[in-house]
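Engineer: Starting from the known structure of chain F, arrange chain D on it as the hints suggest.
Chains as they are written, first to last, in the numbering used here: chain F, 92 to 411; chain D, 92 to 411.
In case anyone wonders, no lab produced these hints; they're calculated from the structure. Certain hints may be false.
Where chains are identical, the list cannot tell them apart; a pair therefore holds if satisfied intra-copy or between any two copies.
[What the hints assert, rightly or not] No farther apart than 27 Å at their CA atoms in a straight line, the calculated lysine-lysine pairs in the DSSO-like style are these:
| hint | residue 1 | residue 2 |
| --- | --- | --- |
| 1 | 392 | 339 |
| 2 | 341 | 392 |
| 3 | 174 | 249 |
| 4 | 278 | 307 |
| 5 | 278 | 392 |
| 6 | 164 | 98 |
| 7 | 276 | 211 |
| 8 | 279 | 170 |
| 9 | 276 | 336 |
| 10 | 307 | 392 |
| 11 | 164 | 279 |
| 12 | 411 | 170 |
| 13 | 336 | 284 |
| 14 | 307 | 276 |
| 15 | 278 | 164 |
| 16 | 307 | 336 |
None of these values were measured; they are calculated from a predicted model.
Protein chains: 2
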Amino acid sequence: MSDNLPKILDCTIRDGGLVNNWDFSEEFVRNLYEGLNEAGVDYMEIGYKNSPKLLKGADEAGPWRFLNDDFLKKVIPQKLNTKLSALVDIGRVDENDILPRSESMLDLIRVACYARDVDKAIRLVEIFHERGYETTLNIMALSNVMENELTEALEQIKDCPVDVVYIVDSFGSLNNSEIEYFIEKFKKLLPNKKLGIHAHNNMQLAFSNTLLAAEKGVAYLDSSVYGMGRAAGNCNTELLVANLKNPKYKLRPVLDIIERFMVEMRENWEWGYNIPYMITGTLDEHPRTAMALRGSADKDKYVDFYDQLTLPEVSPQAKK
Amino acid sequence: MSDNLPKILDCTIRDGGLVNNWDFSEEFVRNLYEGLNEAGVDYMEIGYKNSPKLLKGADEAGPWRFLNDDFLKKVIPQKLNTKLSALVDIGRVDENDILPRSESMLDLIRVACYARDVDKAIRLVEIFHERGYETTLNIMALSNVMENELTEALEQIKDCPVDVVYIVDSFGSLNNSEIEYFIEKFKKLLPNKKLGIHAHNNMQLAFSNTLLAAEKGVAYLDSSVYGMGRAAGNCNTELLVANLKNPKYKLRPVLDIIERFMVEMRENWEWGYNIPYMITGTLDEHPRTAMALRGSADKDKYVDFYDQLTLPEVSPQAKK
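One chain only, chain F, in its complex shape (with noise of 0.2 Å):
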């Protein structure tokens, strides 16, 4: 029976560090494993196993970046009941890297893409499923999708060795009913695949749509404690625990993190619904211009910016 409920993977690691650069300690990172283990969460994302050779920027990042085995050996001695699960972006990963799955730290290796780079990500899926590991396939950006683009996709991923397939709500401006939409059209075009759902809080609708989909029958929900990830977060693994209907999640050990770790890390990073994010999502929009004017002296000037995003106006072409 337990193998028919929702299984909770929770990325706070990994989807948290697009807030502050994968800036966590290791004793976080140890306390937030054990803490989701004992709250009977499944899986764990501790960060991306992408190329350091591949990405700007790379030595400025936490080592939660680009997970090496050796460092997460050091930092988890003991692998409890939660796995472990890592992502990879196509183009940023390199192979070479991926340790046969009895050697590694990893049980899950998830494949994030767009719609248009499926074939790329199956080749991934192919060489990882190979290597041993469970394997996901996360279409992002789902709402700015054509649908003759996503249905050649899906029926592209229907044959390919695949564990569960993803929907993610990148812009976090999917309702419940379009949440349903894209649970129905993945059930008929991969019905031997699981699915996942990742969604975003832009529109305070992450929990809601996440709960939507675990009746739906969808497999694999994602989550992060406190919220936290990229710009308004995704749905709050608190709150998924507590409501979820089966015996083994607790709530206590979740309250425990967030009380001794994470009310200060939000004090000194933000995420989280606010105005910014809220209008990205509403205007289905990837919520980049809303987290540069949160860096910025204009972070309240909410009208402004909603101008900007609505009329054209506003923003003329550059001149030569």
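Structural biologist: Frame of chain F, contents of chain D only:
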């Protein structure tokens, strides 16, 4: 057609006053009224119409707690399209304070009550209806009412002159399925009444529950700007005007109000999702213990707070 579309009732001043003891400037309230009117919001609940004679601590609260018609005429010299509403509580209102509607700034009087007090609420509704007002009856704390008591209450309400009956999620403890359950029950037992919803955001479900209600034909949607309301606050007005399918609603004037007034207000007063409110929501309890915690030096002691509410032995009975 537009009569079939849901209406927004903004209760920033009334429910938000529970955050700051109604410490709103006249300038803010006037600007809010003009902004809501420009945004197309249908009603603005401008406070309570309780009697200071019937409440302790009355002299410390701002004027919005005990609305006086002469004062209202000064603050809002010109009525625009947005109607004005006030809330009264059972046992705290002196019916002699209520002018006939023709002499009053108010259009709508809402009666808040628990299911057990519905007979008293109906008596008040009859008086206000008689004096020419639109009326609503807001049944609070629905998650704590026994089924037979609620059925009986709704059967009594069916034959009274009230225009709208509200589903109130006082503790922010209801999820989408539970809201849907109440909507179906209310529809069945009150086929002749319009319905309303007032949601709290303890589990980040206020907007989602309100959207769902709108889809299911609920006609009156409560919200507050920037979510300002007691404890975890309400469904955000900015999310409703940005997402409801009604061309008259405009987001920009609401952004303007937030930018000019509410960012600073939020720096001085706390409301919205946080962990203690999430805990009381999850446990289906009144937020008063969480509000007390947030006002104490232990405001971030989440684990102790959770233990107190869930482990009976932590709080032994008082000795004689």
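Engineer: Quick one: residue 164 to residue 98, C-alpha cut-off 27 Å, is that within a copy, between copies, both, or neither?
Structural biologist: within (24 Å within a copy, 57 Å between copies)
Engineer: Using 27 Å as the alpha carbon limit, work out where residue 174 and residue 249 are close: within a copy, between copies, both or neither.
Structural biologist: within (25 Å within a copy, 55 Å between copies)
Engineer: With identical chains treated as interchangeable, where does the CA-CA distance between residue 341 and residue 392 reach 27 Å or less: within a copy, between copies, both, or neither?
Structural biologist: between (41 Å within a copy, 17 Å between copies)
Engineer: Classify it for me, residue 279 with residue 170: is the Cα-Cα distance of at most 27 Å met within a copy, between copies, both or neither?
Structural biologist: Close neither inside one copy (37 Å) nor across copies (54 Å); limit 27 Å.
Engineer: How would you label the pair residue 307, residue 392 (within, between, both, or neither) given a Cα cut-off of 27 Å?
Structural biologist: Answer is neither; intra-copy 40 Å and inter-copy 36 Å both fail.
Engineer: Indicate which option fits the pair residue 278, residue 307 if close means a Cα-Cα distance not exceeding 27 Å: within, between, both or neither.
Structural biologist: both (10 Å within a copy, 26 Å between copies)
Engineer: State whether the alpha carbon distance between residue 278 and residue 164 is at most 27 Å within one copy, between copies, both, or neither.
Structural biologist: Answer is neither: 38 Å inside a copy and 59 Å across each miss the 27 Å cutoff.
Engineer: Regarding residue 307 and residue 276, is the shortest C-alpha distance of 27 Å or less found within a copy, between copies, in both, or in neither?
Structural biologist: Both, since 12 Å and 24 Å are each at most 27 Å.
Engineer: At most 27 Å between CA atoms: does that hold for residue 276 and residue 211 within a copy, between copies, both, or neither?
Structural biologist: Answer is within; shortest intra-copy Cα gap is 22 Å, inter-copy 51 Å.
Engineer: Which holds for residue 276 with residue 336 at a C-alpha limit of 27 Å: within a copy, between copies, both or neither?
Structural biologist: For residue 276 and residue 336, the Cα distance is within 27 Å both inside one copy (26 Å) and across copies (24 Å).
Engineer: One pair to classify: residue 164 and residue 279, alpha carbons no more than 27 Å apart. Within, between, both, or neither?
Structural biologist: neither (41 Å within a copy, 60 Å between copies)
Engineer: Could you place residue 336 and residue 284 in one of the four classes (within, between, both, neither) given a Cα distance threshold of 27 Å?
Structural biologist: within (23 Å within a copy, 35 Å between copies)
The structure fails to meet hints 5, 8, 10, 11, 12 and 15 from the earlier list, while all remaining hints are met.
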